[in-house]
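S.K.: Using the sequences and the accompanying hints, generate a full structural model.
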Amino acid sequence: MKLGSITETLRLAFRNGKVKAGTAVLFFLLLLAAAGPVLTPYQPLKYTGEPSLPPSPRHPLGTNMFGYDVFSQTVYGLRSSILVGFLGGAIATLIGVLIGFVAGYKGGLVDEGLMVLTNILLVIPTLALLIVIAAYLPYRGIVVESVIIGLTSWPWTARAVRAQTLALRQRDFVLVARMSGESPLAIILGEIAPNMLSYIFMVFILQFGGAILNAVGLDFIGLGPTRGVSLGIILQQAVLWNAIQLGLWWWAIPPGLVIALLLTSLYMVNTGLDEVFNPRLRGD
Amino acid sequence: MREEVLRVDGLKVWYSVGGSYVKAVDGVSFTVYRGEVFGIAGESGCGKSTLVSSLVLLKPPMRHMGGRALFHGKDLFSMSGEELRKIRYKGISIIPQFALDALSPTKRIRDIILDLAAVHEPNLTKREVLERAEERLRLVSLSPKVLDMYPVELSGGMRQRAVLVVSTLFNPELLIADEVTSALDVTTQRVVLELLLEFLKAGIIGSIVAVTHDIASLYQIADRMMIMYAGKVVEIGPAEELVKRPRHPYTQALISSIPSLGVTYKEKRLSGLKGSPPNLRDPPPGCRFAPRCPYAFERCGEEPPAVELGGGHVFYCWLGVR
Amino acid sequence: MALLRLEDVTKVFRTGLFGGQEIRAVEDVTMEVKEGEIVSLVGESGSGKTTIARMILRFYRPTKGRIYYKGRDVWRLRGDEVKWYYSEVQGIFQDPYSSFNPIHRVERILYKTLHHFHPSLGGRGVEERIREAIERVGLHPGDVLGKYPHQLSGGQLQRLSIARALLVEPSLIIADEPVSMLDASTRIDVLNIFADLRDKEGLSVLMIGHDILLANYVSDRVVVLYKGNIVEEGPAKPVFVNPLHPYTGMLLESIPRLDKKWEKRLEEKAEEEEYTAYRLKGCRFAPRCPAARKICFEAKPPTLKLEERSVACWIYSDYGEKS
Ligand SMILES: Nc1ncnc2c1ncn2[C@@H]1O[C@H](COP(=O)(O)OP(=O)(O)OP(=O)(O)O)[C@@H](O)[C@H]1O
Ligand SMILES: Nc1ncnc2c1ncn2[C@@H]1O[C@H](COP(=O)(O)OP(=O)(O)OP(=O)(O)O)[C@@H](O)[C@H]1O
Ligand SMILES: [Mg+2]
Ligand SMILES: [Mg+2]
Chain A
1 MKLGSITETL
11 RLAFRNGKVK
21 AGTAVLFFLL
31 LLAAAGPVLT
41 PYQPLKYTGE
51 PSLPPSPRHP
61 LGTNMFGYDV
71 FSQTVYGLRS
81 SILVGFLGGA
91 IATLIGVLIG
101 FVAGYKGGLV
111 DEGLMVLTNI
121 LLVIPTLALL
131 IVIAAYLPYR
141 GIVVESVIIG
151 LTSWPWTARA
161 VRAQTLALRQ
171 RDFVLVARMS
181 GESPLAIILG
191 EIAPNMLSYI
201 FMVFILQFGG
211 AILNAVGLDF
221 IGLGPTRGVS
231 LGIILQQAVL
241 WNAIQLGLWW
251 WAIPPGLVIA
261 LLLTSLYMVN
271 TGLDEVFNPR
281 LRGD
Chain B
1 MREEVLRVDG
11 LKVWYSVGGS
21 YVKAVDGVSF
31 TVYRGEVFGI
41 AGESGCGKST
51 LVSSLVLLKP
61 PMRHMGGRAL
71 FHGKDLFSMS
81 GEELRKIRYK
91 GISIIPQFAL
101 DALSPTKRIR
111 DIILDLAAVH
121 EPNLTKREVL
131 ERAEERLRLV
141 SLSPKVLDMY
151 PVELSGGMRQ
161 RAVLVVSTLF
171 NPELLIADEV
181 TSALDVTTQR
191 VVLELLLEFL
201 KAGIIGSIVA
211 VTHDIASLYQ
221 IADRMMIMYA
231 GKVVEIGPAE
241 ELVKRPRHPY
251 TQALISSIPS
261 LGVTYKEKRL
271 SGLKGSPPNL
281 RDPPPGCRFA
291 PRCPYAFERC
301 GEEPPAVELG
311 GGHVFYCWLG
321 VR
Chain C
1 MALLRLEDVT
11 KVFRTGLFGG
21 QEIRAVEDVT
31 MEVKEGEIVS
41 LVGESGSGKT
51 TIARMILRFY
61 RPTKGRIYYK
71 GRDVWRLRGD
81 EVKWYYSEVQ
91 GIFQDPYSSF
101 NPIHRVERIL
111 YKTLHHFHPS
121 LGGRGVEERI
131 REAIERVGLH
141 PGDVLGKYPH
151 QLSGGQLQRL
161 SIARALLVEP
171 SLIIADEPVS
181 MLDASTRIDV
191 LNIFADLRDK
201 EGLSVLMIGH
211 DILLANYVSD
221 RVVVLYKGNI
231 VEEGPAKPVF
241 VNPLHPYTGM
251 LLESIPRLDK
261 KWEKRLEEKA
271 EEEEYTAYRL
281 KGCRFAPRCP
291 AARKICFEAK
301 PPTLKLEERS
311 VACWIYSDYG
321 EKS
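Protein chains in written order, with this note's numbering: chain A, 1 to 284; chain B, 1 to 322; chain C, 1 to 323.
Simulated from the structure, these hints should not be mistaken for lab results. In this text, all values refer to a predicted model and were calculated from it rather than measured experimentally. Note that CB positions come from ideal geometry on N, CA and C, so glycine has one too. Don't take every hint at face value.
Claimed, not checked - Every beta carbon over 10 Å from chain B, so not counted as near; a handful from chain C, in silico:
(1) R54
(2) R58
(3) Y69
(4) Y111
(5) R129
(6) E169
(7) L172
(8) V218
(9) F240
(10) P290
(11) R309
Unchecked claim - Pairwise CB distance ranges, derived in the manner of DEER restraints:
(12) B:K107 x A:L189: 55 to 61 Å
(13) C:G249 x B:K107: 55 to 61 Å
(14) B:R63 x A:A34: 43 to 49 Å
(15) A:A24 x C:R78: 38 to 44 Å
(16) C:E88 x A:A24: 55 to 61 Å
(17) B:P294 x C:K281: 56 to 62 Å
(18) A:L117 x C:R14: 24 to 30 Å
(19) A:V123 x C:A299: 29 to 35 Å
(20) B:R108 x C:R14: 46 to 52 Å
M.R.: This is the structure:
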């Protein structure tokens, strides 16, 4: 890929059906999240006066057992899920890329040390670690949750970026830069990183989805934000109060569907971009 | 009269990029006869690969802008995709440039061969295909064990031999070999080129079109040669004639820039061509070599004439009619 | 004293692909490059030429042996000494396209090089130096400045690679197959650049390649490498006219020439497995050698010195003094 023509790359990317479809869905969800407060007169955690109402023009997704409007809960939940995805994904990508670069480029003892750390984190199940950390924090907001997730889910990114860096490090133009007196930092930032932009972008999308999924998991077992609403918390509540068994399907199905839609669209963008950037998969 | 296998007539194949055209092949004519090795040489970027690859597959942004290519009398450019696919491998088989990297890295040689056979020789059983493959591998001094290996496990020379076996497995009437030896060292180059000739003699291949920028190695195997410059033919003739008595100034320059045996810098400083080839989006009118030609004069701004020297030796230059 | 000296340099690669196999890609190589001379290192693909170049340029650490530049151990340099080393020794690689970062304009690395090695130059001075270097390798600055690598031809890029190396004003250039990806007409020009610099400015070059014809054209001495072993070495002319080692002979015979066609098929034994030669106790060329005898497979041939030349082959075991 040549940076000289970002537009060209974008054009190529948007010729791919999966990228197109995934981006469209993603765009729709973002719009929904952004415009949410305008679309609904209700606060997500405010009693509307009528519990357990089925969907109606006044409450498009009905209300739950406590009389909260499910649509506004879902829209606000979507906002926090996207925030978690963005923040958690960004933190994980940043740490992972940084450690991957340094380990891959420096090699030797630095590499070994960093990889030991990475591998330890990699074998401990992320969720278990999250549970422990979350359990120690009595007050947790969405941001805290994102940071916890970000700090624990970078290891596979670090490994992948390290492998890519190792390969790029032996490329002739990197060797030329070394002979030209460039410092390691300048080489990483000026020669290696720009060649991995597309890859890093794809990693970020995966981390984005991963963070959302992790957050849902945490919320579901009751370790989510102590205040506020998220898609995971809605689901948790719905299950806790036997929504399905009591016939309140509108309480459980829509938030689950939104999560599925969000993750599927991210996955589609990712595999689509993979096909674009990885010519071997493109098929003649 | 010799049997014509391929006759290319005034062929133009351009690249359409960003509203303008790269005139990579711009009015090329030549004929390939049965049983011969026809060599195409010229410097990098002169359109050799465009020419030969357009014959088997017109890939965008490539565009056919005129002329014909008759394979046994049928125009390749008016054939349907289905017809073209049918003659691929059995009629015309091409070893594309960089074929070494083109072998699917995740498939064993055996699977590459079987997949091709399923498409192009559906009547053969797997056993028959593999038996033939083993026999051919032995012919190129490779062990049948190669069948179970992945392309990356083979050295450059071994891989090039494997590619040769794969692309000639269905006994093509015409093999187009685009720079098959350019990435190899001299000894391996010689081995591979000699194998090509052997396949021709054994009747596995009907005729060969060999493409390269290395005129010296082409001379070793070619019966007739064509020299291209910036999308046009400058000279065609029997290899011996063309190398010993080149007439076009470009051919002369090309040949004199190759040190003959034992020439050294200290004793005789050779010189390459001055300047660089023209931009094919906007080539100079008339002879395209004129801007670099030491003998250029006014007439060269007009389309140069074909000068026939007998014996099939032709060159396109105003010097020939002065 | 030699400018560059390799002493018993060995490089062992371990590869997972072949079941944890060990490849002695370079084995006990001892050679020198003197001031103001062009030495050609020739050998076929996989003979270890690039590995040697990269060890000299401090990209691969030798498994064994030492490399000295101006008497100093290249692999013991620290900090500023490394910078000093690159101000004296520069490299040029085979593939001009991969030598330039595809996402930057080509002149960027030239500016960086000047900035690091001649920091005192002012803005005007820098521009001038770069134009000068580009013209010195036979290019017009206007044709190449501001372009991305994919917009230039291989020949133009390779000349720019040389221009970059020359900006440093090095005493020694390690050129790894600088012309093998170029057209015949461009090749000679690039070789002439090196030869002119040697004659005018006393530059030394270690020129790597597989074309012994080109090696003979520019170089003062030739070193022939086969699968990591030096098989023959000597002044270019005698090696070329009268090769001593059967492998050198085979290299000469394979050169495509315009004054003569190859006659019979190259006499060579089939080489089934690429890696058996590396496990051989004896001469690594023995499996392909038309003149191989029993002893060739059993023991390493001694290196024989005959005046300025040397050869490692059992054919000559009866003559000369052994070293
Ligand atoms: N896809 C493309 N789009 C635009 N121009 C192209 C494309 N492919 C090739 N060209 C241009 O067409 C011309 C001919 O290219 P071609 O690959 O046929 O040359 P060649 O003679 O095979 O060179 P080489 O010896 O380097 O293989 C060149 O100027 C090249 O830049
Ligand atoms: N990084 C590496 N890891 C493992 N094996 C390697 C590595 N680099 C080179 N080798 C092996 O070492 C041997 C020598 O390789 P080298 O690249 O030095 O050869 P070369 O003479 O430069 O060949 P060419 O003409 O193809 O460039 C080969 O067998 C190669 O496979
Ligand atoms: Mg080509
Ligand atoms: Mg090499």
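S.K.: Each hint needs a verdict: does it hold in this structure or not?
M.R.: Hint-by-hint comparison with the structure:
Non-interface call for R54 of chain C relative to chain B: holds, since the shortest CB-CB distance, roughly 18 Å, exceeds 10 Å. Against chain B, the non-interface label of R58 of chain C holds: every CB pair exceeds 10 Å, the least being about 26 Å. Non-interface call for Y69 of chain C relative to chain B: holds, since the shortest CB-CB distance, roughly 26 Å, exceeds 10 Å. With a cut of 10 Å on Cβ distances, Y111 of chain C stays outside the contact zone with chain B, its closest approach being about 24 Å.
Separation of R129 of chain C from chain B is adequate, the least Cβ-Cβ distance of about 23 Å exceeding the 10 Å criterion. At roughly 22 Å, the least C-beta separation between E169 of chain C and chain B is larger than 10 Å, which holds for a residue marked as non-interface. No beta-carbon of chain B comes within 10 Å of the beta-carbon of L172 of chain C; the shortest separation is about 19 Å. Non-interface status of V218 of chain C relative to chain B is broken: a Cβ of that chain comes within 10 Å, the nearest being about 5 Å off.
Taking the minimum C-beta to C-beta distance to chain B, about 7 Å, the non-interface status of F240 of chain C is violated against the 10 Å cut. Consistency note on P290 of chain C: stated as away from chain B, and its beta-carbon is indeed over 10 Å from all of that chain's, at 13 Å minimum. For R309 of chain C, the condition that its CB be more than 10 Å from all CB atoms of chain B holds, with the nearest at approximately 17 Å. The given range of 55 to 61 Å is broken by K107 of chain B and L189 of chain A, whose C-beta atoms sit roughly 38 Å from each other.
The hint said 55 to 61 Å for the Cβ distance between G249 of chain C and K107 of chain B, and at roughly 39 Å that hint is violated. For R63 of chain B paired with A34 of chain A, a C-beta distance near 45 Å keeps the hint of 43 to 49 Å intact. In this structure, A24 of chain A and R78 of chain C break the distance hint of 38 to 44 Å, their C-beta atoms being roughly 57 Å apart. Restraint check, E88 of chain C to A24 of chain A: a C-beta distance of roughly 59 Å satisfies the suggested window 55 to 61 Å.
The supplied range of 56 to 62 Å is met by P294 of chain B and K281 of chain C, whose beta-carbon atoms lie about 58 Å from each other. Taking the beta carbon of each, L117 of chain A and R14 of chain C are about 25 Å apart, inside 24 to 30 Å as hinted. At about 51 Å, the beta-carbon gap between V123 of chain A and A299 of chain C misses the expected band of 29 to 35 Å. Range check, R108 of chain B to R14 of chain C: Cβ separation about 24 Å, and the 46 to 52 Å hint is violated.
In summary, the structure is inconsistent with hints 8, 9, 12, 13, 15, 19 and 20 from the numbered list given earlier, while agreeing with the others.
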